[in-house]
Amino acid sequence: MAAGRGQSAVAMKKESVAAVPGRAQVSGVEKLERRSSFARQPSLRLLLAERSEEVLPILLDEIVRMGYARAFVASSNFESGQISVTAEINCPANYIKRFSTFLWSGDDPLVGVLHKGEPAVLPHAALNRRALYAHPLIFRNRSRCWEAERARQTECLAVLNDRSVRRMALQEQTCSTCEMRGYAYVVGVDLPKTTSERQLTELRSLIELSNRYLSRLFKVEHYYNRMRDMDVVIAQMETVLASMADPVILTDPQHRVITQNRAAERFFSIPENASEGAQRALELNNLLFSAALSSMAMSGTDSSRDLTLVDAKEGEEVLFEAVTAPTYSREGLRTGLVTVMRDVTDLRKADQEVRANLEKLMQAEEIVRQDRDRMSLVIEAVGDPIIVADNAGKPVQFDTLASQLFGKIGEDVRDQGRVRNLVKLSAYLTAFTFAFGQTEEGKLKLYHPPTDTHVEFNTRSGKILDARGQVSHTVTVLRDLSALRKVEELRVQARMLEMEKFAATGRLAGTIAHEVNNPMEAIKNSIHLLQNRVKPGAEPVYEILKSETDRVARIVRQMLGLYRSSSQVGGFDLNRVVEDTVTLFGRQLERAGVQTELELGKIPPVVGSADQFRQILSNLVVNAKDAMAQGDLPESVPDGDTPLPETKMRLFLRTRHLAGAATGRVVVTIADTGSGIPGAIRESMFEPFVSSKGEKGTGLGLWIVRGITQSHGGKIRVRSQDGKGTVFQIYLPVVRR
Amino acid sequence: MAEKQKSRVLVVDDERNVLLTYRMLLEQEGYEATATLTAKEAIRLIEKQKFDILLCDLSLEEKRTGFEVINAARERYAGVPAVLLTGYASPEAAEYARENDVAVLYKPIEIEEFLKTIASLLKESHA
Chain L
1 MAAGRGQSAV AMKKESVAAV PGRAQVSGVE KLERRSSFAR QPSLRLLLAE RSEEVLPILL
61 DEIVRMGYAR AFVASSNFES GQISVTAEIN CPANYIKRFS TFLWSGDDPL VGVLHKGEPA
121 VLPHAALNRR ALYAHPLIFR NRSRCWEAER ARQTECLAVL NDRSVRRMAL QEQTCSTCEM
181 RGYAYVVGVD LPKTTSERQL TELRSLIELS NRYLSRLFKV EHYYNRMRDM DVVIAQMETV
241 LASMADPVIL TDPQHRVITQ NRAAERFFSI PENASEGAQR ALELNNLLFS AALSSMAMSG
301 TDSSRDLTLV DAKEGEEVLF EAVTAPTYSR EGLRTGLVTV MRDVTDLRKA DQEVRANLEK
361 LMQAEEIVRQ DRDRMSLVIE AVGDPIIVAD NAGKPVQFDT LASQLFGKIG EDVRDQGRVR
421 NLVKLSAYLT AFTFAFGQTE EGKLKLYHPP TDTHVEFNTR SGKILDARGQ VSHTVTVLRD
481 LSALRKVEEL RVQARMLEME KFAATGRLAG TIAHEVNNPM EAIKNSIHLL QNRVKPGAEP
541 VYEILKSETD RVARIVRQML GLYRSSSQVG GFDLNRVVED TVTLFGRQLE RAGVQTELEL
601 GKIPPVVGSA DQFRQILSNL VVNAKDAMAQ GDLPESVPDG DTPLPETKMR LFLRTRHLAG
661 AATGRVVVTI ADTGSGIPGA IRESMFEPFV SSKGEKGTGL GLWIVRGITQ SHGGKIRVRS
721 QDGKGTVFQI YLPVVRR
Chain P
1001 MAEKQKSRVL VVDDERNVLL TYRMLLEQEG YEATATLTAK EAIRLIEKQK FDILLCDLSL
1061 EEKRTGFEVI NAARERYAGV PAVLLTGYAS PEAAEYAREN DVAVLYKPIE IEEFLKTIAS
1121 LLKESHA
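Which chain is which? The protein sequence lines are L and P, in order. Reminder that position 681 of the first sequence reads as 681 in our numbering, one-by-one numbering, no gaps. Quick note: to get our numbering, add 1000 to the position in the second sequence (first position is 1).
FYI, nobody ran anything at the bench for these hints, they're computed from the structure. Don't take every hint at face value.
Claimed, not checked - The calculated lysine to any residue pairs, modelled on SDA-like cross-linking and capped at a C-alpha distance of 25 Å, are:
1) L/Lys-546 to P/Glu-1113
2) L/Lys-394 to L/Ala-274
3) L/Lys-535 to P/Glu-1027
4) P/Lys-1116 to L/Lys-408
5) P/Lys-1116 to P/Gln-1028
6) L/Lys-546 to P/Glu-1029
7) L/Lys-546 to P/Arg-1023
8) L/Lys-408 to L/Gly-437
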């Protein structure tokens, strides 16, 4: 492209040179003569010509000086094929006209001379009143053009024309190597009537010499024109390079920078006033760049490298992708590398962001998936039918239970029960979806296929809104009220059953006690009567009889105690009952090595049966004593004044009035440092026949304590710790009388 | 002991074996014990002779009670000590016993308590 354009530029230049009017050139010649007085010889005069267009006017002038009347130069235009006189001396206009012709006018004698390439004397008859000497001038040279020499080509226009070995057609007067377009002129000289052979030879030599000069200058001008043309191309290329936003650097084979564009200068060219930091940064850039180039040159022909450079002006790092391609001369030699660097900082950032976002997205998806799985589990575990519907009230998801009622989503439901259920559900969902409220509760009576019954469901619905606040979905949970009712009923039944059980146990105990009581009274008395009449060998058996009977007697006594309300119900002094009890068991406690502490507060009279409270306290004090005696204390402790060893066994009784609503409550605390209530019976200790005392206990004590307490509207609180002790607290309401 | 031998005790209980053992216990203790199964017989005996103390079961034959016997005895001998022996006493019965100065012993009765109660009541009435 560049070469072609250069070629045409040369051709234009050539024509402009050839088209210079002859007369004007003559005056130029006169000036030259005045300047160079030494140039008297025609050959020397011709040497004065510095431009190709100056040669032909000098030639014409010399011809006239030789004594010829008139002379002219006709030049041919290769493009149009026209031949016309472009310079003349002493030629009138109508004379000149005769020599205007075309290259392809084969019968024109002038054209014939040009094609032949040989000078000729044309007889007068043809064109002129006189004979005309016609001499063709074409570009010729003895030596090849430089391009041909460098390319080692033998064929060059100049040489071919000079040797006349193989004549080229005029239309093809273009050098195959340097692409220079040649020229074709005809010099015409009017000959006088007689012209000697010597005169013609002289004329011929002069014209030949002129052509040699012309050819040389023409060649020089061709190169000049080509240089100009290349300058333009280079300027254009530089503009292109400069206008590129990416740094472009051309380096020689030693990686020295030949040229770089402005974008590259920013990173590699160190300005004179650069700060030390900037300078160092730029030096580092150059170093990195050279290293990258070296590694790329090693790796192959085309290559790319990532390169982080510092923008000295902005002070920030820029990530480049440097792509290099080797440059070659016309001869195919490597002349260096061209490197184009693409700023991929944003690209990489974007890439990283995309990757990070993808990662996040995947994580989010995982979380959503887990949530969904968890949600599904929850829904399945709820145990209530759940319906998810779209914003048109159309169900889109049923859980397993809902599917029982309505069939599966997308399934063609045929059976009447489910079809009716679906109609009811649809009506409900539509009403809710388009209602204003965000939540709704209602009732739906639906057919329940598994049980073949109709069940009334309690509905609870909520709306799920999208980002714009529009209903996206609705969720409805159905609750089987009949199931709830059943549970409630069962609960009541269980309570009643428990109460009945308690009552029955009590009644049974009472009845048994009554029926057992009298026979036992007889047995017990009989045993006593036999006391000193047992044969020596039968004594152990007698003792068993006695102790077992005592045990049964105790059981019966305890059982009946609950039903024995011999005392009047009224206000009594609880403190007095506590004191009486402690007095009653005082000796026993003392014997067991238990220290008893009393802390009797100021309390209002308690309404109830004092005897029954005596029973409560007796049971609890005996329990406390037994719990402490279960320890390591010896069976018998010396009576009387023998001081007791330091003991950890303590029984603590306290009464307090807790002020509160109305008249408040009275609380009796019975605390011991005994063995505690075994874990195994804590749950059941208030049930009848539960005991930790083995054969010693009846298992009725606490049952009675609870019965009496409850019949007085009171409550019992128990805290017990294995090996540490037990605290019973009985709270009794104070009733104003 | 001489003092005790003089004390005549009437014991009434509708359970034959129980009555028998009470009598034997009392006799072993040195009392002069008279035992009867029915309220009717008891009242007949009271009309014949004086007893120092009455021990009566609460519920007796044909819905009769120990209180009937005690009242009959006290009509004749005011202030004669009496003990009600019972397995079960309604609140009203217990109240009645207290009001009429009748001691109550609940079956099964600890023999020690049984004898102590009788002894102390006799001691009180003689004093």
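Results for each hint:
Proposed proximity of L/Lys-546 and P/Glu-1113 is supported: the alpha carbons are some 17 Å apart, at most 25 Å. At most 25 Å may separate the alpha-carbon atoms for a hinted pair to count; L/Lys-394 and L/Ala-274 exceed this at roughly 74 Å. Restraint check: the Cα-Cα separation between L/Lys-535 and P/Glu-1027 comes to about 22 Å, which is no more than 25 Å; the hinted pair holds. Proposed proximity of P/Lys-1116 and L/Lys-408 is contradicted: the alpha carbons are some 87 Å apart, above 25 Å.
A threshold of 25 Å between alpha carbons decides the hint, and for P/Lys-1116 with P/Gln-1028 the separation of about 14 Å falls inside it, so the pair holds. The hinted pair formed by L/Lys-546 and P/Glu-1029 meets the criterion: a straight-line CA distance of about 19 Å does not exceed 25 Å. At most 25 Å may separate the alpha-carbon atoms for a hinted pair to count; L/Lys-546 and P/Arg-1023 meet this at roughly 20 Å. For the hint linking L/Lys-408 to L/Gly-437, the alpha-carbon distance of about 28 Å lies beyond 25 Å, and the restraint is violated.
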